[in-house]
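Enquirer: The primary structure of each chain is shown beneath.
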Amino acid sequence: MSSPMHQPDAGPSDHAVEQVIGRLLQIGVFSAAAVAIVGAILVLIQHGSAAPGFAEFRAAPAHLTSIGGIIRGVREMRSESVVQLGIVLLIMTPILRVAFTLVAFVLQRDRVYVAITSLVLALLVYGLAFGRI
Amino acid sequence: MTILGLTLIVAVGSFGAGLLGSLTGLGGGIIVTPMLTLLFHVDLRYAIGASLVSVIATSSGAAAAFVREGYTNVRVGVLLEIATTTGALVGAALAGFIPTSALGVLFAVILFWTAIRSLQPRKEHELLTTPDKWSVRLRLDSTYPTAAGKQAYSVQNAPGGFGLMFIAGILSALLGIGSGVIKVIAMDRMMKLPFKVSTTTSNFMIGVTAAASAGVYLHRGYVQPTLAFPVMIGVLGGAMLGARLLGKTDTTRLRQIFTIVVFIAALQMLYKGVTGSI
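Just so you know, the protein sequences line up as chains A and B, in that order.
Counting with this note's numbering, you get residues 87 to 219 for the letters of the first sequence.
Counting with this note's numbering, you get residues 514 to 791 for the letters of the second sequence.
It should be emphasised that the hints constitute simulated quantities derived from the structure, not laboratory data.
Think of the CB as a built atom: it goes at the ideal place given N, C-alpha and C, for glycine as much as any other residue.
The hints are all genuine.
Derived Cβ-Cβ restraints for the label pairs, each shown as a range:
| # | chain 1 | residue 1 | chain 2 | residue 2 | range |
| --- | --- | --- | --- | --- | --- |
| 1 | A | Gly154 | B | Glu639 | 51 to 59 Å |
| 2 | A | Ala148 | B | Lys646 | 49 to 57 Å |
| 3 | B | Val525 | A | Ile131 | 17 to 25 Å |
| 4 | B | Leu552 | A | Ile127 | 19 to 27 Å |
| 5 | A | Met163 | B | Leu640 | 52 to 60 Å |
| 6 | A | Gly154 | B | Leu759 | 39 to 47 Å |
Just a few of them, taken from the derived set where beta-carbon distance is under 8 Å, the chain B residues facing chain A:
| # | residue |
| --- | --- |
| 7 | Thr515 |
| 8 | Thr520 |
| 9 | Asp556 |
| 10 | Ile569 |
| 11 | Val580 |
| 12 | Gly583 |
| 13 | Leu731 |
| 14 | Pro738 |
| 15 | Ile746 |
Not everything, but these chain B residues come out facing chain A in the computed CB check (under 8 Å):
| # | residue |
| --- | --- |
| 16 | Ala570 |
| 17 | Ser573 |
| 18 | Ala577 |
| 19 | Ala578 |
| 20 | Arg581 |
| 21 | Arg588 |
| 22 | Ile595 |
| 23 | Gly734 |
| 24 | Thr739 |
| 25 | Ala741 |
| 26 | Leu749 |
Excised from the complex, chain A in its bound form (with noise of 0.2 Å):
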């Protein structure tokens, strides 16, 4: 996208999208950090001196494995559930950096890229959405 051999017809130059990509990318890690922080200290707060039950694979409680689960959970005030609220973030910002790339390609009007891009994002949405394959 950086080649000045081609730039696009209509919408933003390929450097301005490059910038914003930047930028998305830095507030999604930092947002997603900051949510898994608060999250944690409660965690350690609320059961630090448990022992931790990592050596066998369970089956996980809803509340940590669906998106609508994570979010009855963090209403619920379940500290796990906002940890895994910070870690749904972070899985978000790579798929958040597809969806504005689409945007980019689409105000471009580069339609072998706006196909392409869209591809890869119904990919990563139906990845995180469902789970099931």
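Since the structure of chain A is already known, use the hints to place chain B on it.
Expert: Structure of chain B alone, referenced to chain A:
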């Protein structure tokens, strides 16, 4: 041990992994899973979930800087992301059926390969400017900043790179790694991108690839927040410090240390995989 104790030592260990990974350019993700399973006896699935989360964090953090500097080839990245995300979803589907012992052996193979690769010197190949059918059609050719100003390059063999990226996506999901080593080979060797463009574009794609399988694993309960948190914060902190130190420290010795760590991890993973104790 308590949750507090484990959180602290996992955070410190992950910090070290992130620091070494960013200073050597090999990525910290490759040693996070072996560290969690071999040292802290964490279940392989939880380890993979936590490692993927840390991979997204470091990739997105580093990509933010590289994209703005104009090294990353966004078109090449987006195109190849079709292959890596499809591969990641296929890998996540396969992960449920492959026994953990087999995953341990596969992990050992990738670790051995990474250790060997890290000993080989990097050679910058000649840049090509001959147009390629796919590159012209998909407008992949671009320029990148060098000391002597903007340098133009042409992209070769896009279908070959695409195929290798599909495999990189599968391995990323199965093992919870960024697969940066394979991504760089696809772009540097096959598609003839400049080395700096290959590494930054690879890094740009790693977050998207990992996000595809992390979404699936979240639903399957592989992502344990109490474990993923110290891994994510530790690796991210280590990688950020590494980025600041880069250029100020001699990384030759660090590469040797990292290679030895990866080699030992490979031997242990192989042993655990073969004996079925993972």
